[in-house]
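Asks: Next come the chains, spelled out residue by residue.
There are 2 protein chains.
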Amino acid sequence: MSTSASPSFTNSPTPAGLSIIAGARSAAGEAVNSFASFNPMTGGELPELYHNATTEDVNAACIAAAQAMEDPALADDQRRGDFLDDIATRIEHMGDALLEFASQETGLAPTPRLSSERDRTVRNLRMFASVVRAGQWRRTFNDPAVPDREPTPRPRLRTHLVPLGPIAVFGSSNFPLAYSTAGTDASSALAAGCPIVVKGHPCHPGTGEIVAQCITAAARATGMPAGIFSFLHSGGGGARESAVGKELVTHNAIRAVGFTGSHAGGMALARLAMQREGPLGPDPVRVFAEMGSVNPVFITTAALQERGEEIANQLSRSVLGSSGQQCTKPGLIVIEQGPAADAFLSRMSINFAGEGSLTMLSLRIREAYHRRLMGTVALPNVKLVVRSRLAPPLDPDPHAPGLGTLPNRGPYQTVAALWRATAAAVLEHAPLREETFGPSTVVVVCDSQAQFPEIARTIAGTLTASVFWGKASLGELPFDPVSFMSILMSRAGRVIVNGVPTGVEISPAMVHGGPYPATSQPQSTAVGARAIERWCRPVCVQGE
Amino acid sequence: MSTSASPSFTNSPTPAGLSIIAGARSAAGEAVNSFASFNPMTGGELPELYHNATTEDVNAACIAAAQAMEDPALADDQRRGDFLDDIATRIEHMGDALLEFASQETGLAPTPRLSSERDRTVRNLRMFASVVRAGQWRRTFNDPAVPDREPTPRPRLRTHLVPLGPIAVFGSSNFPLAYSTAGTDASSALAAGCPIVVKGHPCHPGTGEIVAQCITAAARATGMPAGIFSFLHSGGGGARESAVGKELVTHNAIRAVGFTGSHAGGMALARLAMQREGPLGPDPVRVFAEMGSVNPVFITTAALQERGEEIANQLSRSVLGSSGQQCTKPGLIVIEQGPAADAFLSRMSINFAGEGSLTMLSLRIREAYHRRLMGTVALPNVKLVVRSRLAPPLDPDPHAPGLGTLPNRGPYQTVAALWRATAAAVLEHAPLREETFGPSTVVVVCDSQAQFPEIARTIAGTLTASVFWGKASLGELPFDPVSFMSILMSRAGRVIVNGVPTGVEISPAMVHGGPYPATSQPQSTAVGARAIERWCRPVCVQGE
Chain L
1 MSTSASPSFT
11 NSPTPAGLSI
21 IAGARSAAGE
31 AVNSFASFNP
41 MTGGELPELY
51 HNATTEDVNA
61 ACIAAAQAME
71 DPALADDQRR
81 GDFLDDIATR
91 IEHMGDALLE
101 FASQETGLAP
111 TPRLSSERDR
121 TVRNLRMFAS
131 VVRAGQWRRT
141 FNDPAVPDRE
151 PTPRPRLRTH
161 LVPLGPIAVF
171 GSSNFPLAYS
181 TAGTDASSAL
191 AAGCPIVVKG
201 HPCHPGTGEI
211 VAQCITAAAR
221 ATGMPAGIFS
231 FLHSGGGGAR
241 ESAVGKELVT
251 HNAIRAVGFT
261 GSHAGGMALA
271 RLAMQREGPL
281 GPDPVRVFAE
291 MGSVNPVFIT
301 TAALQERGEE
311 IANQLSRSVL
321 GSSGQQCTKP
331 GLIVIEQGPA
341 ADAFLSRMSI
351 NFAGEGSLTM
361 LSLRIREAYH
371 RRLMGTVALP
381 NVKLVVRSRL
391 APPLDPDPHA
401 PGLGTLPNRG
411 PYQTVAALWR
421 ATAAAVLEHA
431 PLREETFGPS
441 TVVVVCDSQA
451 QFPEIARTIA
461 GTLTASVFWG
471 KASLGELPFD
481 PVSFMSILMS
491 RAGRVIVNGV
501 PTGVEISPAM
511 VHGGPYPATS
521 QPQSTAVGAR
531 AIERWCRPVC
541 VQGE
Chain G
545 MSTSASPSFT
555 NSPTPAGLSI
565 IAGARSAAGE
575 AVNSFASFNP
585 MTGGELPELY
595 HNATTEDVNA
605 ACIAAAQAME
615 DPALADDQRR
625 GDFLDDIATR
635 IEHMGDALLE
645 FASQETGLAP
655 TPRLSSERDR
665 TVRNLRMFAS
675 VVRAGQWRRT
685 FNDPAVPDRE
695 PTPRPRLRTH
705 LVPLGPIAVF
715 GSSNFPLAYS
725 TAGTDASSAL
735 AAGCPIVVKG
745 HPCHPGTGEI
755 VAQCITAAAR
765 ATGMPAGIFS
775 FLHSGGGGAR
785 ESAVGKELVT
795 HNAIRAVGFT
805 GSHAGGMALA
815 RLAMQREGPL
825 GPDPVRVFAE
835 MGSVNPVFIT
845 TAALQERGEE
855 IANQLSRSVL
865 GSSGQQCTKP
875 GLIVIEQGPA
885 ADAFLSRMSI
895 NFAGEGSLTM
905 LSLRIREAYH
915 RRLMGTVALP
925 NVKLVVRSRL
935 APPLDPDPHA
945 PGLGTLPNRG
955 PYQTVAALWR
965 ATAAAVLEHA
975 PLREETFGPS
985 TVVVVCDSQA
995 QFPEIARTIA
1005 GTLTASVFWG
1015 KASLGELPFD
1025 PVSFMSILMS
1035 RAGRVIVNGV
1045 PTGVEISPAM
1055 VHGGPYPATS
1065 QPQSTAVGAR
1075 AIERWCRPVC
1085 VQGE
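These protein sequence lines are chains L and G, in that order.
My numbering applies: residue 1 is where the first sequence begins, and numbers increase by one.
My numbering applies: residue 545 is where the second sequence begins, and numbers increase by one.
One chain only, chain L, in its complex shape (with noise of 0.2 Å):
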């Protein structure tokens, strides 16, 4: 590898379209293919080159996260406290500058949309920082030595959670910001005492290099080591792309990986993994991969009856947020038919109806969802209720039944579709109970609410599942409310009640896990303060 001194990693909203290397820019890159991201708004190329990292790069930043474990400052909680604060104020004092090139990038609103993601993120790292300065989530435990224990004396035993080492991370495609470069598993890494090393992810390259420049400030800033955070890019589609993250999940440095994504990327990340040959012999590592769910949410008639168009309007917002694109998506409304279901699906439609710009991240993130509307379609006993419309001259035939013709150039737009399905149609077709990752919904319209707790333990793993109840007597409900809710705890990492899944607080207790489809770890969380123990692991010392 062969690093260019940068003395000003200064707060600057540009990149240089280089990896950064244990706090130097690699050069490496670039004679290398190079590529560009485009303006989801648009479709048009921005002006920015990203080179792609090397495989030295690559080797150079494990090695460099490898030798920071030995830096005392990053046993130092108090220390690690200071880097996470520092980065938090450095991605705030980038300011509106920092939101107008991640929107250019992802189509995004810079407000509120980025600029509460921004938020959540900055929060997300103070909250580590404290979590980290609190000491408790070394989770210490000693047991005293009892001496005169016969017929041996009983030990003295000390055990707390040390860091496994450096860690990859893979950010997101759908949150720049939040689940990214200084996103949740970047930062309770970090909270853990386990360098880094960010893929960038090829949808948002340069919002990444921008954060990955405060990061690499503010280690220099608190005196953390070098190697602590490496920054690489890939994209453009050529063998790099996939090389890059290759090359970093089989690297003997690493010794576990963060992922969110898709499902197939994260169990290829998971398998590659497992597979890991080490000078030592086999060295499996894990992958802690948030993989999206279906989200389901089910409404009771009481429910519907007392404040039907108030949830048809939040869940309206939270199906078609961010054009759909968040893991917590509700993918699936399960509801009782009758005057109130009619009344909800007719609030449902005219939000749905109404809804006029819908710009995906990516085109090939489009393909994906257009396939998925495409596949839903050919399903008997699913009727499309409504799709949002196109601006002409985009929407060929706006009046035409179903889907029409979705563009395939220009702007990423695209349109949300609002599907109503019979109990059957979801007992039987596992598609519909499968994520369709854009601003798509599936309302059930059960014959009775007895169906609830059928169709409920059908659902796989799924990050999040929600109920709302009405104001009466839970007593009058064909089905027992406590079991319901365990089976919905038996299937979800948090269980909502009286709320949307979407809008994940950064809080200590949150839970954003569960059972396999939704993520490779169903014992861990991506989010909140027991997210640093996915680094983790617990020694304990015998004797003096």
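Hints may contain errors.
Stated by the list, open to error - With a Cα cut of at most 20 Å, we get these calculated SDA-like pairs of lysine to any residue:
1) Lys927(G) / Glu978(G)
2) Lys1015(G) / Glu544(L)
3) Lys383(L) / Val445(L)
4) Lys471(L) / Pro691(G)
Treat the hints as calculated values from the structure; they're not laboratory data.
Use these hints to put chain G onto chain L, whose structure you have.
Replies: Same frame as chain L, now just chain G:
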């Protein structure tokens, strides 16, 4: 499955030879092939016959376990505490009869070996009873609501651990009580509120069934659902021996697996569990496999000089106890050449040569041990210092150098082996850094203590690592003791200072785990209060 009602699970030291499915003896197995266990002291078959569990038995046990999850008694911490305590009392009340039966099946002495194992089994059950009653094991975490937060109210979050569901437990060969039917996997899973299905180990089916009777009687006495516990026989070397385990691990009702045994066995189960298919699609579950390790011991020259003979005696007992068939047996002892090293080796030689009667658990284990010895003989720069002798006529050539000929019939006797290797040999030959299951250990004589850190860095994941310091100043060592401790902590689940690794304390802070290949789940422990967490995942309830 056909079961006969069995009103009297009295505390009888007599096995019926039948699997126990949810509180009743299975009669289904009677027509199928049956098997006996063997007395390692004589090599002869024991009189009892055991009937392999049928596919129907496995299925019935798993379904009953899933049904038991619905019973509120299982969710009640106080009642589960009573259940665990009652199991402990019933095992105690079995008295010497249990120890004598177990001794016949394992060749382990009734006292003090098996009596102390029984005592730790009972202590462990009571520890979990008290941990469960105290309630902190759930790791409940509440974030209060902030209704007036801007721009949106903050919802209340309540997080706690919930049990995963039915757990399959594979008992170990070497600890018929402490790591088997009512051992640490079984008791920690029950503590978590998970029903268990135990596959009895074919080396000690009768001991397993006697303990299973205690658990069944305790479940009845404390009002637990019958499905909370089942016990399946499998053995005899026919198709059912491996089929019972496979059917169990791949049953849809099973949510995780506990295993203690060989590396090959643990990894085979882990692969099987990762490839499961369920009614809702792929359904991977985790195997918590504890697979043994080399357990290196580093002795500083100061410690050798101060108390070399005492350490040699401690380590000899640690290697030779239970005929070396302990997962924490020290397999690599690292010292520096010199007069103190010579004296240490001399004392070790005397201890090893004087070891007269070493009996192994099974012919299969003894064969594997002898293969390992032959492999070690063949390595360059490794010398057999001494081996113990078998009583004639079993040792046909007691005066032969080297290993001579080892018996392949009659009592399962074997020899203790003490090896001496150079630092270069250990660095070069990976087999010297792998577990030899049996009464063998390799003393590595380094040119200088400065080589200790280098050797420590080549140790793959291990359950334990030990170091003996001298009372003299640590500053006189040719390496930094603090970073040396860090290296050991990066390799092991438990680091022992001035003590031997065998004799795992039953204590809340204990960690019995470690990086791969010591375990398949490096972030967990099989012993101590935290062992419960293997069978749980966090769930957050958001809202009222």
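Asks: Any of the earlier hints contradicted here, and which numbers?
Replies: Violated hints: none at all, because every hint is consistent with the structure.
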